[in-house]
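If you're matching them up, the sequences are chains A and Z in order.
By the working numbering, the letter at position 29 of the first sequence is numbered 29, and the numbering carries on one by one without gaps.
By the working numbering, the letter at position 14 of the second sequence is numbered 14, and the numbering carries on one by one without gaps.
Hints listed in this document are in silico derivations from the structure and should not be mistaken for laboratory results.
Incorrect hints may appear among the rest.
To be verified - Between beta-carbon pairs, the in silico distance windows are:
#, chain 1, residue 1, chain 2, residue 2, range
1, A, Val105, Z, Lys101, 23 to 33 angstroms
2, A, Asn114, Z, Lys101, 48 to 58 angstroms
3, A, Leu76, Z, Val67, 21 to 31 angstroms
4, A, Val117, Z, Leu70, 21 to 31 angstroms
5, A, Ile147, Z, Asp59, 21 to 31 angstroms
6, A, Gly101, Z, Lys101, 21 to 31 angstroms
7, Z, Asp95, A, Met1, 41 to 51 angstroms
Every residue gets a Cβ at the ideal spot worked out from N, C-alpha and C, and that includes glycine.
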Amino acid sequence: MSLYDGIFYAFAIITVVSAFIVVLSKNIIYSAVSLFITLFGVAGFFVLLHADFIAVTQIMIYIGGILVLLIFGVMLTTKITDVKLKTKNINALTSAIFVIGITAVLIFIMLTTNWKVAEVVKYDETIDKIGVLLLTDYLLPFEIASIILLIALIGAAMYARKSK
Amino acid sequence: MEVGLNHFLIVSALLFGIGLFALVSRRNAILVLMGIELMLNAANINIIAFSRYGGLGVDGQVISIFVIILAVAEAAIALAIVLNIYNNFSTINIDEVRTLKE
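Extracted from the complex, chain A is given alone in its bound form:
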């Protein structure tokens, strides 16, 4: 087992275990902290897959942005003195059977399909290539994404404030 494999398995265990804690924890703050670890693990996968720019983007946007936003949401929607911070699972057994079924089907399909695996290219810096692609082939989606972000910004700010 090479070093690469060992790092992969370490990240896989970290990611999956902390994702389980996100879902099963009774305390929503624990869930938020576990989500932090999960997102870091996914960033590690991106590094292993030679996507360095995406890994940094993942850390900056998911952990620096979305997670802070989620924790603000937790703070704003629960009274700290309230025991409502604890949440419970309902229909846990039914949904567990359902989800295990779907996951098993997904894994079965992934393992039995004969994927076309191309020759693995040597690692090369991706930042300049991504920049060129964003301004040539993907220019229209790029501009639309910026408009979507502007709409989301204005819409969220308008919608979240009290309307009286």
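Could you slot chain Z onto chain A? The hints should help.
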């Protein structure tokens, strides 16, 4: 066993399943959002794994940037909606939120 495409696909399937479990079993709106984030991350791992092993080059990574952008927009809007629900109903248990207006 050499780590290859299948290993990444299995991890992403597991993450997807866990996110789906949060979506169907948890009743706290913010935990449902966390489940959606897990599922989007699983999709991103898939896209990047295929872009590395499938010979797509950097195009897959550009597409995953758009996934991240949409996840950000979704999280912002969804949290604004959750805050509004909390202001109107004093709860974010999505089973108790059944009416469109008070």
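The hints, checked one at a time:
1. A:Val105 x Z:Lys101: 23 to 33 angstroms: Cβ of Val105 of chain A to Cβ of Lys101 of chain Z: about 40 angstroms, so the range 23 to 33 angstroms is violated.
2. A:Asn114 x Z:Lys101: 48 to 58 angstroms: At 54 angstroms between Cβs, range holds.
3. A:Leu76 x Z:Val67: 21 to 31 angstroms: holds, 27 angstroms
4. A:Val117 x Z:Leu70: 21 to 31 angstroms: holds, 28 angstroms
5. A:Ile147 x Z:Asp59: 21 to 31 angstroms: Because 22 angstroms falls inside the window, the suggested range holds.
6. A:Gly101 x Z:Lys101: 21 to 31 angstroms: violated, 38 angstroms
7. Z:Asp95 x A:Met1: 41 to 51 angstroms: Because 47 angstroms falls inside the window, the suggested range holds.
Consistency with the previously given hints fails for numbers 1, 6, ordered from lowest to highest.
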